[in-house]
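Fit chain to chain and form the complex, with the hints in mind.
The chain contents come next:
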Amino acid sequence: MSTVVLEEPIVAIIPRWRVMAGKLLRNRAAVVGGSVVLALLLLAAFAPWIAPYDPFKINPVQRLKPPSFQHWFGTDEVGRDLLSRIIFGTRYFLLICLITASISATIGTLLGLIAGAGSALTDSIIMRIIDILLAFPYILLVLVVVAILGPSLWTGMAAVGIAGIPGYARLVRSSVLTVKREDYVTSARALGASDAEILFGTVLPNVMSPLIVYLAFATPLSALIASALSFAGLGTQPPAPEWGAMLVNSRTYLFSAWWAVAAPGMALFISIFGMNILGNGLRDVLDPRS
Amino acid sequence: MSLPPLLDVNGLHVRYPIRKGLFGGVVGHVSAVDGVSLTLNRGETLGLVGESGCGKSTLGRTVIALQKPSAGNVRFRNQDLFALSAAELKQQRRFAQLIFQNPRACFDPRRTVGSSVRMGLDIQELLDPSEREEAVAEIFRKVGLRPEHRFRYPHELSGGQLQRIGIARALILKPSLIVCDEPVSALDVSVQAQILNLLSDLKAEFELALLFVSHNLAVVEYIADRVAVMYYGRIVEMASTHALFSSPRHPYTRALLAAVPTMDIARRDDPVPRLGDPPDPANLPTGCRFRNRCPLAFARCAEAEPLLVTAEDGHGVACWAAESASIDAGPMTAAALNG
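Going down the list, the sequences are from chains A and B.
Position 239 of the first sequence, counted from 1, bears residue number 239 in this note's numbering, the numbering being contiguous throughout.
Position 223 of the second sequence, counted from 1, bears residue number 513 in this note's numbering, the numbering being contiguous throughout.
With the rest of the complex left out, here is chain B (with noise of 0.2 Å):
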């Protein structure tokens, strides 16, 4: 009997109405989560990758109950979270924290980043008052900076420090999940690396579990336990890292990998698979929403939608296509995706 996973996320939709004209009459939706579920296990880590507008940081935002869903549900710690009351929430809050994209608009521009860090502690009544000023100072120390460095306002800071903090606010508070949502893409590359390290330290020494949101593959290739991949609201693969990476088997999968840049030279000429252009998200195709844009759709990708078929070895894949075995499992090359 295994211990029931620290998040388990069940069909959840997340749906934005669309309004027009003077009334704002709704005409339509946007379904920025479309029926995902996933589980995440203690000190995991989780990679979310996906293209821009494929909701993957929604999705992000809805596991830690700051946003609503439309339908299915959160199950944090063993709680329904949108089942919860408002101090019972709260409570649940302190376990559940989020690291920003942009670590500038990320600090309330009026306090200094030690009060930003101290907030979580005052909030949710941790530690004696007392203590707490203490308690931001380890913390400075714990992400690689100065304790000095919590009198400082935000715009006298860097991003890479800022990062940092960011971090240490999350962190404070002891969670048991840290949603990362895009939070090296706005750095620079030395200092993206920097932050990873921290964040991977950190995930070992805590235990904590990261649902890390990223549209860069080889970030997430290095920090990710498991990946899954979303596309226009569903998962279209999930699957270990490793076993991701090296046989991908829906086709979208393989595109992406395909369209990372290579310093192999071998491979350097390869065609880059294109996809065409992304469909409109209010107006998804029938069946399958990839198929549009997928060089192995066939008639039955356009009757009907495939669900996330979960393999012995535990690989999930979302496609017809892998589903019946028309394609191997092995490498695919771009020029067989252009056909």
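Here chain A stands alone, though its shape is the one from the complex (with noise of 0.2 Å):
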């Protein structure tokens, strides 16, 4: 053997998720975004402690007070504590957001998944009943899904979660795609990998950047959409403090008690602009070019 060993020092090996969360730590809107997520997860979790009042409790004696020391956020019209409603809406915000994302991510994935590595037949059917989908408005979609099911929170979240389904498997399958004609990919077929080994073994860990940044754009699109529907009485019904829902009882009292649309209108635009720098700062981190 004549084979030439290489001397070359071996710096220490970082973990390649260590190298990841360094970089995460140092980009500022990471960081930003970061930290109001991490506030609605601490918000939703510790609730109970953590609101002055109970959420519920009626009191019309104190209905459309402004904000103050007793009451931070002011109160609606029938004298709940808006503080306290706006830290219990953070769970249903959360919930809105695991459960949509969920859906669509799940189903889309699996479908682009699919498409990207099945036959030319199979990648024609799905794709095609994706681009039907994609010909309806956004909106339109979730309307004809809540018509179906009946307006609730738990229809309202699927409708969302639908209607989220074609951007993943887009995504996914544009991915797949460039993927799947790497030569890593074709050594693992040479080394006997079966299709469903390559797909989930190779390929998948492979589209994971551009798709976790996706979700964090996507997810908060999807909150405001449920929100929305909410608004529009199909989604979350009252009393439950969801944001939305929040909106549409105190919209009639705009002009003459502005805090009771101030304050959940507030928390879901720091919410959602929360999500969506924590979704830029992502991309630039699993960027491989940066």
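None of these hints come from the bench; they were simulated from the model.
Incorrect hints may have been included.
Below are the BS3-like pairs computed for lysine-lysine, each with C-alpha atoms no more than 30 Å apart in a straight line [what the hints assert, rightly or not]:
1) B:K464 <-> A:K180
2) B:K432 <-> B:K493
3) B:K464 <-> B:K493
4) B:K380 <-> B:K464
5) B:K380 <-> A:K180
6) B:K380 <-> B:K358
7) B:K310 <-> B:K380
8) A:K57 <-> B:K432
9) B:K358 <-> B:K432
10) B:K432 <-> B:K380
11) A:K180 <-> B:K358
12) B:K310 <-> B:K432
Residues from chain A that keep clear of chain B, each with C-beta distances beyond 10 Å, as calculated [claimed, not checked]:
13) R63
14) S187
15) L191
16) M208
17) I277
Simulated DEER-style distance windows between Cβ atoms [stated by the list, open to error]:
18) A:R28 <-> B:Q381: 36 to 44 Å
19) A:L133 <-> B:E428: 51 to 59 Å
20) B:R309 <-> A:S194: 44 to 52 Å
21) A:T252 <-> B:F313: 42 to 50 Å
22) B:D418 <-> A:R28: 48 to 56 Å
23) B:Q381 <-> A:F217: 56 to 64 Å
24) A:A196 <-> B:P399: 46 to 54 Å
25) B:S530 <-> A:A120: 43 to 51 Å
26) B:F313 <-> A:L133: 22 to 30 Å
27) B:P399 <-> A:D54: 48 to 56 Å
28) A:I129 <-> B:F313: 17 to 25 Å
Please read all numbers here as calculations on a predicted model, not as lab measurements.
Glycine residues also receive a C-beta, built at the ideal position from the N, C-alpha and C atoms.
Written out as structure tokens, the structure is:
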């Protein structure tokens, strides 16, 4: 044997996730967005201990009071404490994010994987169905699903989740089409990997980066649409402290009691903005060219 | 009675459809491989040379069942590869591995290189799971790297190191055949030599058969026992390395050899043969596909396609001119080629 042993110092091996975490912590957008999301999670988890009042407790004497030391965000048209309702509202917001994202991302990713990796016929069938879904305006599609299933928190989430499927499917399919031509996929095939092993062991991990970024952008949009549904009376029903539903009830008092509109509006704005800039940060960190 | 060859390729065709228009109607075909037959014995190295686009990579991938042929068959270890069930094919894949041209592209960027090398053992369920990591470390040593290198990601290593790992990934399955698809053409010249030496050592140690695809004649001359010259999907000449380089018989082979730059001052100013433009692969000349670029073409070349005829000395050539012995087997100068 005349192989040359390469004399080269081996630097300490840093696991990939540690490198990613370090990059993420140095990215200002990611830190700000991440803090917002973390705050939402903590508020939702500890809502009963953090909220100063019962979010459902009606107090007609205290109705439509402006922000004060007793009621930081003021009270609504039946005297409920807005701060407490906003804090409990984080639970609805996160639940909506979780459910809609789960529905759209799992079904969309699966369809995208099958379309991208399958035969030309499978691809055509799946993508034409996706095209039909896309041909409907997003909100119309949501309304159709709600009209079929009836208005409630769960049908609203299902509708928004289903309407989000095409975006994921198209994104994943196009990524799969790129990745499946890579030599390392050919290599896995040469090693004897089955189609499923290649798809889930090699292709899926390599389409994760764009998927995570899309998730961070699409989820707050879904939450916004779900809130809009509640606003239209087709999603969460009062008296649930869901932010969109809170907006409906208080909109009549916009000029006399602006805080009743501002509180849920700002909560929605900050949450969605936070998730969006977290998405921006993730995109920067996960982009291999960065 | 001799043993059957390790690899026996018979009348292999690989055709790609040309699609056009809104509905993707097939308007024609390109034959990347157009009737190739060859054999490869255990421990033997066959060089496969030809210009880019001549189908040599497609041929390499088809003989290890990474590409389906349109016609013909491949017998590997005495089994018809394209008649096997999925499970049987998986078993055979272990024995036929591939080394890629671009070592940067052939590793999953999300896995450590050690995990990529281990993948073969995991998929093929070789060894006890607890022994696999040690086997990976061992194979890293074998290809001249340190075991610690296996914790690295592909982007942290050099092209030469990655190509060593590419060899390790193939070798860990203890294959009997490795298709090397231009394994050194993406590397620096100094690193090329290291990789070639490594391959040639390992080939002896593991009794490997190599199908060595390359456009670099010097590299093929160094490593191959026999050489096949491909021109637009066909093998036009096949002979032992020495015979092919010392007395090429096909005018295309002669032109290829004459085009190699030389350090020999006496030959430096020889005119390099100009072959003219390559043909449209979807629309090759009738008869001999080389005739529009061939200085020796005569009437018969337009009428019928010459077949690869193997002479008694084992030297095969597909050329009417060579067959009718109108040219002698001695070396021909570039000047004669240019007529």
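Checked hints:
1. Between the alpha carbons of K464 of chain B and K180 of chain A the distance comes to roughly 26 Å, so the proposed pair stays at or under 30 Å and holds.
2. Using a Cα cut-off of 30 Å, the hinted pair K432 of chain B and K493 of chain B holds, with the two alpha carbons roughly 12 Å apart.
3. The hinted pair formed by K464 of chain B and K493 of chain B meets the criterion: a straight-line CA distance of about 11 Å does not exceed 30 Å.
4. Straight-line distance between C-alpha atoms of K380 of chain B and K464 of chain B comes to about 14 Å, which keeps the hinted pair within the 30 Å bound.
5. Of the supplied pair hints, the one linking K380 of chain B and K180 of chain A holds, its CA atoms being roughly 19 Å apart against a limit of 30 Å.
6. A threshold of 30 Å between alpha carbons decides the hint, and for K380 of chain B with K358 of chain B the separation of about 15 Å falls inside it, so the pair holds.
7. Proximity of K310 of chain B to K380 of chain B is assessed by CA-CA distance (about 35 Å); at most 30 Å being required, the pair is judged violated.
8. Taking the CA atoms of K57 of chain A and K432 of chain B, the gap is about 75 Å. The hint is violated against a cut of 30 Å.
9. The hinted pair formed by K358 of chain B and K432 of chain B fails the criterion: a straight-line CA distance of about 34 Å is larger than 30 Å.
10. Taken as a hint, the K432 of chain B and K380 of chain B pair is honoured in the structure, with Cα atoms around 26 Å apart against an allowance of 30 Å.
11. About 17 Å separates the Cα atoms of K180 of chain A and K358 of chain B, which keeps this hinted pair within 30 Å; it holds.
12. Taking the CA atoms of K310 of chain B and K432 of chain B, the gap is about 50 Å. The hint is violated against a cut of 30 Å.
13. A cut-off of 10 Å between C-beta atoms confirms that R63 of chain A is not in contact with chain B; the least separation is 57 Å.
14. At the 10 Å boundary, the C-beta of S187 of chain A falls inside the reach of chain B, the nearest C-beta of that chain being 5 Å off.
15. For L191 of chain A, the requirement that its beta carbon stay farther than 10 Å from each beta carbon of chain B is not met, with the minimum near 4 Å.
16. Annotated as non-interface, M208 of chain A brings its C-beta within 10 Å of a C-beta of chain B; the closest such distance is 8 Å.
17. Distance check on I277 of chain A: its Cβ is at least 26 Å (rounded) from any Cβ of chain B, clearing the 10 Å threshold; non-interface status holds.
18. For R28 of chain A paired with Q381 of chain B, a C-beta distance near 54 Å fails the hint of 36 to 44 Å.
19. Taken as a hint, the range 51 to 59 Å holds for the pair L133 of chain A and E428 of chain B, whose Cβ atoms sit roughly 53 Å apart.
20. Separation of R309 of chain B from S194 of chain A is about 29 Å and departs from the stated range, judged on CB atoms against 44 to 52 Å.
21. T252 of chain A and F313 of chain B have their C-beta atoms about 57 Å apart, which leaves the hinted 42 to 50 Å range violated.
22. The hint said 48 to 56 Å for the Cβ distance between D418 of chain B and R28 of chain A, and at roughly 49 Å that hint holds.
23. About 46 Å separates the C-beta atoms of Q381 of chain B and F217 of chain A, a value inconsistent with the hinted range of 56 to 64 Å.
24. Separation of A196 of chain A from P399 of chain B is about 21 Å and departs from the stated range, judged on CB atoms against 46 to 54 Å.
25. Take S530 of chain B and A120 of chain A: their Cβ atoms lie about 44 Å apart, and the range 43 to 51 Å holds.
26. The hint said 22 to 30 Å for the Cβ distance between F313 of chain B and L133 of chain A, and at roughly 23 Å that hint holds.
27. Distance hint check: the CB atoms of P399 of chain B and D54 of chain A are about 53 Å apart, consistent with the given range 48 to 56 Å.
28. For I129 of chain A and F313 of chain B, the hinted distance range of 17 to 25 Å is satisfied, since their beta carbons lie about 19 Å from each other.
The structure is inconsistent with the numbered hints 7, 8, 9, 12, 14, 15, 16, 18, 20, 21, 23 and 24, although it conforms to all the rest.
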